[in-house]
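Enquirer: Let the hints inform the model, and build the full structure from the sequences given.
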Amino acid sequence: MRQFPYILQKELKDYFATPIAYIVITIFLVITGWFFFSTFFLYNQANLRNYFSLLPLIFSFVIPAVTMRLLAEELSRGSYELLLTMPVTFSDIIIGKFLAGLAMTAAMLAPTLAYPITVSFLGQLDWGPVLGGYLGALLLGGAFSGIGLFASSLTHNQIVAFIVGAAICLCLTLVNKMLFFFPESILNVVQYLGADYHFSNISKGIIDSRDLVYFLSLIAVSLYGTYLVLLQKD
Amino acid sequence: MIHVDNLTKFYDHFCAVDGISLDIHKGEILGLLGPNGAGKTTTLKMLTGYFRPCSGTIAVKDYNIVDHPLEIKQMIGYLPESSPFYKDLLVYDYLDYVARIRGVDPGERHTRIRYLAELCGLKPVLHKAVGELSKGLNQRVGLAHAMMRDPEILILDEPTQGLDPNQIVEIRNIIRRIGEEKTVIFSTHILSEAEATCDRIVIVNRGKIVADGKTEELKQSAAEGSSIEISLANASFEDVRERLEPIEGVDSIEKMEPAEEGCLTVKLACGAEMDKRAEIYRQIKATDWILLGMQQQKQTLETIFRDLTRQINKET
Numbered sequence: 000m001r002q003f004p005y006i007l008q009k010e011l012k013d014y015f016a017t018p019i020a021y022i023v024i025t026i027f028l029v030i031t032g033w034f035f036f037s038t039f040f041l042y043n044q045a046n047l048r049n050y051f052s053l054l055p056l057i058f059s060f061v062i063p064a065v066t067m068r069l070l071a072e073e074l075s076r077g078s079y080e081l082l083l084t085m086p087v088t089f090s091d092i093i094i095g096k097f098l099a100g101l102a103m104t105a106a107m108l109a110p111t112l113a114y115p116i117t118v119s120f121l122g123q124l125d126w127g128p129v130l131g132g133y134l135g136a137l138l139l140g141g142a143f144s145g146i147g148l149f150a151s152s153l154t155h156n157q158i159v160a161f162i163v164g165a166a167i168c169l170c171l172t173l174v175n176k177m178l179f180f181f182p183e184s185i186l187n188v189v190q191y192l193g194a195d196y197h198f199s200n201i202s203k204g205i206i207d208s209r210d211l212v213y214f215l216s217l218i219a220v221s222l223y224g225t226y227l228v229l230l231q232k233d
Numbered sequence: 000m001i002h003v004d005n006l007t008k009f010y011d012h013f014c015a016v017d018g019i020s021l022d023i024h025k026g027e028i029l030g031l032l033g034p035n036g037a038g039k040t041t042t043l044k045m046l047t048g049y050f051r052p053c054s055g056t057i058a059v060k061d062y063n064i065v066d067h068p069l070e071i072k073q074m075i076g077y078l079p080e081s082s083p084f085y086k087d088l089l090v091y092d093y094l095d096y097v098a099r100i101r102g103v104d105p106g107e108r109h110t111r112i113r114y115l116a117e118l119c120g121l122k123p124v125l126h127k128a129v130g131e132l133s134k135g136l137n138q139r140v141g142l143a144h145a146m147m148r149d150p151e152i153l154i155l156d157e158p159t160q161g162l163d164p165n166q167i168v169e170i171r172n173i174i175r176r177i178g179e180e181k182t183v184i185f186s187t188h189i190l191s192e193a194e195a196t197c198d199r200i201v202i203v204n205r206g207k208i209v210a211d212g213k214t215e216e217l218k219q220s221a222a223e224g225s226s227i228e229i230s231l232a233n234a235s236f237e238d239v240r241e242r243l244e245p246i247e248g249v250d251s252i253e254k255m256e257p258a259e260e261g262c263l264t265v266k267l268a269c270g271a272e273m274d275k276r277a278e279i280y281r282q283i284k285a286t287d288w289i290l291l292g293m294q295q296q297k298q299t300l301e302t303i304f305r306d307l308t309r310q311i312n313k314e315t
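First to last, the protein sequences are chains F and Y. Its first residue numbered 0, the first sequence is counted upward by one per residue in numbering that gives the first Met the number 0. Its first residue numbered 0, the second sequence is counted upward by one per residue in numbering that gives the first Met the number 0.
No lab work stands behind these hints: they were computed from the structure. Positions of the beta carbon are idealized from the N, C-alpha and C atoms, including for glycine. You may find that some hints are simply not true.
What follows is a list of derived Cβ distance ranges for each label pair [stated by the list, open to error]: (1) F:34 - Y:12: 50 to 60 Å; (2) F:49 - Y:120: 52 to 62 Å; (3) F:190 - Y:5: 50 to 60 Å; (4) Y:106 - F:19: 41 to 51 Å; (5) Y:5 - F:176: 57 to 67 Å; (6) F:34 - Y:63: 50 to 60 Å.
Expert: This is how it looks when you write it as C-alpha cells:
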C-alpha cells in the first residue's frame, strides 16, 4: 500500500494532459456561474445559499462524467492487466483513483472561490456557511467520486459507467424531495439516506458529526464495493 | 526457479488449462508453443498473477502466488499480447510511471529509462504519445515496460506478433541477450521462432502439455521419422494397406484427403533409417494401380507439432 500516490499522479496527468479536465471545469463553472448570478441580484442578499443548493444536482452529473473513465477505460483497453501484473494491491488502485476523482472535484471548486470573494465586496458576507459549504462540497464530491468509481468498475463501457453513476448520485440527491411518497414509518431512514439533506445541513455552517459520518461511510461503502467488484474480475 | 503444479483454469465450463505441471529453471529460455486457443496466454496470465488458477499451485522461488503475489510480481516482467498502454501519455512519462510503481530509486529512474530506451530503440520517440506509435514501437515500449526493474523472470506473450521481419530478428536478439542471465518464458505459434530462440520447448494443446523437452532433443526425435505420401488411381484403401503395410520399416498407413478428384491418397509413416521409396514402388508396380504421385517428407519440428496438435483435436 505505498504505490497509490503514483497512480494518483498518473490519473491527474491523464486529466490535465488531455482536454478532459479543462472541458469539465469550464462546463461546471459556466453552469454554476449562470445559475448563481442570474438570480443573485434579484434576491439582493449577500450569501451563497443559492449556489450551494444547486451543487448536489450539478455534481450528480459532472462527477460521474469525471470518474467514468477511471476503471472502465483500463478494463476496455486492457491496461488493467498490465496494472495488475505490477506490484500493486487493489487498495493502491482504488485509493489512487478515488483521490484523483476527489482532486478533480477540488480543482473544479477552486475557481468558484471567486464567488464568495465577489459577494463579500457587495455586502456583508457571513463566512461561516461559506466555509461549511466548501467542506460539504468536498465531502459530497468525495462521496460521488466513490460512487462514480464503483460504477466505473462495473463495466468496460464508459457511457454505461456514466449512466449508472449518475443514476445513483441522482437518486441520493432527489430522494429528499420525494419524501411524500414514502410511508411515515421509514421517513427518517429515507431522509437520512439523502445526500442533499446532509449537504444542506453542512452548508448552513453547522458541522454535525452525523453528516460527517454519513459522507465518510458513503465513501467507505462505495470504495469497498469497488474492491469487491475488482476481486471478482478474472 | 518456477514450479507449477497441476494448474487448471476454467472459463465457466470451458477448460482452458487442464492440469499443467512445469518446472522452469533459472536461465532457461522456454518457448510455450501451441495452436490458437491452446491455453498459452491463460497459462502465462496465471504465472503473472493476473488470473487466479481454479486449482493447482504456482511457486516462484519460495513464494506461493496466492500468499505472496506482490513479491512474485516484483520479480516478473510481463509483456502482454496486445501491448495495451495508456495512449495519452508520452513514452517517457509512461516509462517513468512504471518506474515509480516498480519502485526504481528516484535517482536512478532517469538513467534506467534512458538505458532501456537505448536497448529497445525507443530514443527517437521518447517524447511522443504512446498512442501515436506504430505496432513495432508499441511492442518495444512493452519490452521496456517488462524490463523496467531488471526482473529475474520475463514473461512475453507472442512478442513478435505483428512485427516486420527485421523487427522480429531484433526482438529475438534482445530476448536471447536477456536470456543469457534471466529466465525467459514466451509464447508463440511460430515454430521456427521457438526453434531459433529457445533452450526448451513446451507444446500445449487443448490446455494440456503434449510435448516438453530441450529444443535439440525434440529436433533429434523429429529427425528420426519421415513420411511418404502416395497418390494412386484405380486402387482401394484396403488393398493398398494389405500390400504396403508389410513392408519392413513402414509403421502405419493412413488415408488422407484425396490430392485430386477420383484418386486415393495415403500417408505412410516410416522410420528414417532407410529410404523405402524403391521398395514401395516395386510393390506398386506388381499391381494394376496407377501411381500418380509419391513424395517423401522428412519429419521436422513442424510436422511433429502438427501431428501432436492435430491428432488430439481429431479424437474429440
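Enquirer: It remains to establish, for every hint, whether it holds in the given structure.
Expert: Checked hints:
1. F:34 - Y:12: 50 to 60 Å: 55 Å Cβ-Cβ, so the 50 to 60 Å window holds.
2. F:49 - Y:120: 52 to 62 Å: holds, 59 Å
3. F:190 - Y:5: 50 to 60 Å: Roughly 56 Å apart at Cβ, these two residues keep to the hinted range, so it holds.
4. Y:106 - F:19: 41 to 51 Å: Taking Cβ atoms as reference, residue 106 of chain Y and residue 19 of chain F lie about 33 Å apart, which means the hint is violated.
5. Y:5 - F:176: 57 to 67 Å: holds, 59 Å
6. F:34 - Y:63: 50 to 60 Å: At roughly 57 Å between Cβ atoms, residue 63 of chain Y and residue 34 of chain F fall inside 50 to 60 Å, so the hint holds.
Violation of the numbered hints given earlier is confined to hint 4; every other hint is satisfied by the structure.
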